[in-house]
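Chemist: Chains as they are written, first to last, in numbering that gives the first Met the number 0: chain S, 0 to 306; chain R, 0 to 314; chain L, 0 to 346.
Simulated from the structure, these hints should not be mistaken for laboratory data. All C-beta atoms, glycine included, are put in the ideal place defined by N, C-alpha and C. Every clue listed holds true.
Okay, the calculated beta carbon distance ranges per label pair: (1) R/153 - S/160: 31 to 41 Å; (2) S/191 - L/64: 32 to 42 Å; (3) S/190 - R/182: 45 to 55 Å; (4) R/206 - S/75: 47 to 57 Å; (5) S/137 - R/72: 21 to 31 Å; (6) R/134 - L/63: 23 to 33 Å.
One side only, chain L facing chain R, incomplete, derived with CB under 7 Å: (7) 87; (8) 90; (9) 91; (10) 96; (11) 103; (12) 104; (13) 105; (14) 106; (15) 118.
Read off the chains here:
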Amino acid sequence: MSSVSLTQPANEAFPDIKEELVAEEAADRTRKRLGVFFWICVGWIALVVVLALIANLLPLPNPDIGNYSWTQNAGPSWGHLLGVDDLYRDILSRLIFGARVSLIVGFGGALIGLILGGIPAMLSAYRRGRIDTVLNTGSYVFLAFPALVAVIAIVSFWGHALWKITLIIGIFGAPLIFRIVRASTLSYASRDFVLAAKALGASDSRILAREILPNIMPTIISFSLIAVATIIVLEGTLAFLGLSVSPPTPSWGNMLNEGSTLLTGAKGQTNPWLVIFPASAMFLLLISLNVVADKLRAYFDVTELKL
Amino acid sequence: MGRYIAKRVALLFVIIIFVSVATFFLVHLLPGNPAVTILGPNATAQNIATINRELGLNKPLWQQYFIWIGHVFQGNLGQSFTTHQTTANIISESFPIDLELIIFSQILAFAIAFPMAMRASRRPNRLFDQAANSTTFAFLALPPFVIAPVLVLLFAVHWHVFPGPASYVPLTQNFWSNIHTMILPSIVLALGSIVVYFRLLRNDLISTLQEDFITMARSKGLSDRRIMWRHALRPSSISLLASVGVTIGGLIAGTFVVELLLQMPGLGYQLISSVNQDDYTVVQGITLFVAVAIVLVNFFFDFLFTIVDPRIARE
Amino acid sequence: MSERRTLLEVEDLHVSFATGRGQLQAVQGVSFTLDQGKTLGIVGESGSGKTVLSRAIMGLLPLSSTTQTGSVRYDTQEVLNAPNDELRELWSTHIAMVFQDPMTSLNPVQKIGNQITEPLRVHLKLPKDEAKETALSLLMQVGIPSPVERYGAYPDQLSGGMRQRVMIAIALACAPRLLMADEPTTGLDVTVQAQILDLLSQLQHDRNMAMILVTHDLGVVATRTDEIIVMYAGNIVERAPTDVLFKSMSMPYTEALLNSMPRIANPSHTRLTAIEGRPPDLLNPPAGCPFSPRCPYAQDKCFKDKPPLVEASPGHSYACWYPLGTTEASPAPAAAPAAAAPEEATA
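Bound-form chain S, shown alone (with noise of 0.2 Å):
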C-alpha cells in the first residue's frame, strides 16, 4: 500500500509507477548478456572435453607407463610441459588421460541420475496420487543416507570399474535430481496453458513433452551441471582416497593422492608439480561447471525453487 521499504521507496510507494518499472526489467531481460566471464568457463571446459577426447590422437607420450630415460620428478621443461612425476610419466599427458575419468563419471552420472530421477519425477508431479506421494518420501529416506558413505562401502566390494562407479554415483544422485525436477515439473502442472491443453484432448505424454519440459529445461540445465560438478567432486574424493579408477589408469583424484604422498619427502622424493598441476586443473573446471550453471541460472531467470 503506501509503505515505503527502504531499497526500493519509488517501487513500493508508488504502485502505479510499479508496473512500468516492472514492464522496464523485462526490457532489461532481453538485453542481459552472459557475459565475457562466462564464455571464458564455456572455453575451459570446452578444451577439457575437446582435449580428452581427442587424447589418443595428440602427441602425448603413454600416460601409464614411464620412461626410465627422463628426470624422475622434473619440473616443467620443454619437452616436458607439466614435468615428469615419480613413476617416470609425463604430467600433461596424464592430466589429459585423467580428464576422461572426471568428465565420464560427472556427465555420464549426471545422466543416469537424470533418466532415474528426472523422467519418474515429471510423471510423478504430473499424476500426483499415492504413488507420488510415496516417491517423494522414498526420495526424502534415500536422501538421508549419506551418499559418501553408501558409495564408499558399495565400491569397496564391488569394485573399481568406471562404469561401477558412474552407475553407483548417477543411483545415488537420482534422488536429488526427482526432488529438483518434480519441484518444477508442479509448478508448471496446474498452469493454465497446461489445462487447455489437457481441455483440447492433448494426451499427457504430449503434455509432458511439449508443454511442461520446454517450461522446466532452464532449471534441469543449470542443476544439471551443478549435479555435474558435484559429481565430479565425489569422484575425486573417491579417487584420493584409493577408491576410483586403479592406478596406473590416472584420474585427477589419484594423481592428486600420489602427490600428496610425495609431499614431505617422507618416501625421499618430492613434488610439488604433482599436486599444483591437477589441484589447478580441478579448480578450473569446477569454478567453470559452477560459473556457467549460475549465469544461465540468472539468464533464464530460474528462481530458487523450494525442495
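Given the structure of chain S, go ahead and fit chains R and L onto it with the hints provided.
Modeler: Quick look at chains R and L alone, frame taken from chain S:
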C-alpha cells in the same frame, strides 16, 4: 507442535531402519563370499565352512539381519579379522578425532561467515559484498581433496607454519600440539561450510533488513548494532540453522580426505584401511555408525530452528 | 495550555528518489507548522506522498537513495538530513511513530513484552524489573486485557487490534512529545478502527502530545484533528483548520476525496464516487495543476499553469485557479459519474 514432532520421529525411524537394512545387505548382496574374502583365495573348503558357521553365514539372509541388528543394539558391531579389535572399540577410539574436526571447522565457519554476511548485507552489491560473494564462489570449486594438499604443501612443507602429515597428537596427550595439528584440516573443512552459511545468512539478512519491523526498530532509536544483533539476526538465521545438519553431513567426505592425507586415525582413516584390507565387519560397522550419526545430526538441527522461530513450533 | 509553542516546523521540504528512469519527486515543497499538543491530519490517496512526507519528518528515509532539501525543525533543532546518531537521541523520547501494519512492524520472533521494554531500557536506562512494570502499565493504558499474559506473547498470538495497541504502547513508552501515526487503522475492522483512533486521541490529550495523523480517509481526521493538510502528487493542495475545511472546502480534489467516502447521511445503496483516472506520473509531472487531468472543473488555464498555494483567508490556503464556491467554477459539480469503479475509490 505435537503432530510435527510425531511426524518427524516417525520419519526418523523409517530412515534409520532403511539405513541399517541397506548397510547390511550392501555387503551380502554383492558378489563374493565374505569367508573367501577373509581367508584369501587359498582357503580350504573346510576353513570356509568353519568361518561360515562362526559368522552365521549359512543361515537365510533375513535371519542374519536380525541377528546382526540384535548385536548392534547390544553395542556389538563385530570385530576386525586382521587386528581382532572390536569394531565398537575402533569407533570409540577414532570418532573423537572426527568430532573435534567437525566442531573446530564449524566454529571457524561461523566465526567467518557471520561477520562477513552481516557486513555484506548492510550494503548489498557494494564493494565488500561483491568481494565476499566472489571469494565464497571460488570456495565452491575448492573441495577438500583439492585444497588440502595445496595447503599442506604451502603451510606445512614450504613455510612450516603447521605440522605436516603423521604428526597427530591425541588431545589428552598434549592439548596445544593437538590444537596445532587441527588448524589446517579445520580450515580445509570450513571452506565449504563458509559458502553455505555466508550465502544463506547474507540473503536472509538483506530481505530481513527491508522488513517493516526493522524500520520500526530504527524509529525506536536503536543503534544499528543493536538492530542487527537483536532484531535482524535471529529471524534471518533460520534457514542457516536448518542447513547446519546437512552441511555437517557433507563434511564427512572432507574429514576422510584430511585424515588420510594427514594420517590422523579418525573414522575415515580406519574405514579406508579396513576397505583396503577387506575387513568387511569393520566397514559395515563404521558405515552404519556414520550413516546413523548423520541422520541424527540432521534430525537435531531440524528441531533447533523451531526454537529460533517460535512461529514454526506453534503451527 | 495557554502558551502557544511551535514544536515542528517544516519548510519547503522536497524529497526525491533516484529511480532507473530519473528523479521521482515524491514531496515537492511542503511547509507547515505544528504546535505542541495539537493534531494535524495529512490526507491523500496512496501515492500522494503523505507516507514519504511522514518518513522524511521522522528521518527514516535512506540518505543514500533519496535527496531531501528544505528544512524540518523539531523544537528549533534541524533534523532533515541529520545523521542517525543525532536522530537516535530524538526517536522514542521525543518523536515516535505508529506504523500502519502492526503484523509486519512488530518483530515476529520477539515477545511483545521485550519489544515494549526495549526503548525503556535503551533510552531511559531503566532496570529490568522497572521496565517490565512500566510496560505492564502501558499495556493497561492502551486497553489490553490481562497484560501479564500478553506480556509474554508473540505478535502472531494477538488480534490485529491488539497488535496495533501494542504498537501504540511501544511508541508511547518513552513519553514522546510528537507522535506520528501512519495509517494506524488500515486493515482493521471499522469498530476497532474507531476504538484505536479514540485511544490515540485520549492518550494524546492526557499527555499533551502533538500528533500527526496520516490517512487516506477524510472521515478519520474529521473529528480528531485541529488542522488538515490535503496532499496530491507530492504537493499540499489545501490546508485549513478542520472545521473551516469541512465548512468551505475549496479544492476540487478535497471534494473528490470526500465524495469517495461512505457517509451515514447518504441514503443506503448510494453509489460511492470514485476519483476517476490515476495520480500523475511523478517522474514526469504535468505542466499545470497536477490534478487537472482528473478534475471535473478543469479549464484551459489549469492545464498550463500550476496554481500556487495561496492563503485565501487566515489559516486556509489552497492551490487552485477556480476554487469551489466561487463563480468561476462554472461546470456543475459532477456529483456521481455513473460508471465509477468503486474499487478505485481509495487504494
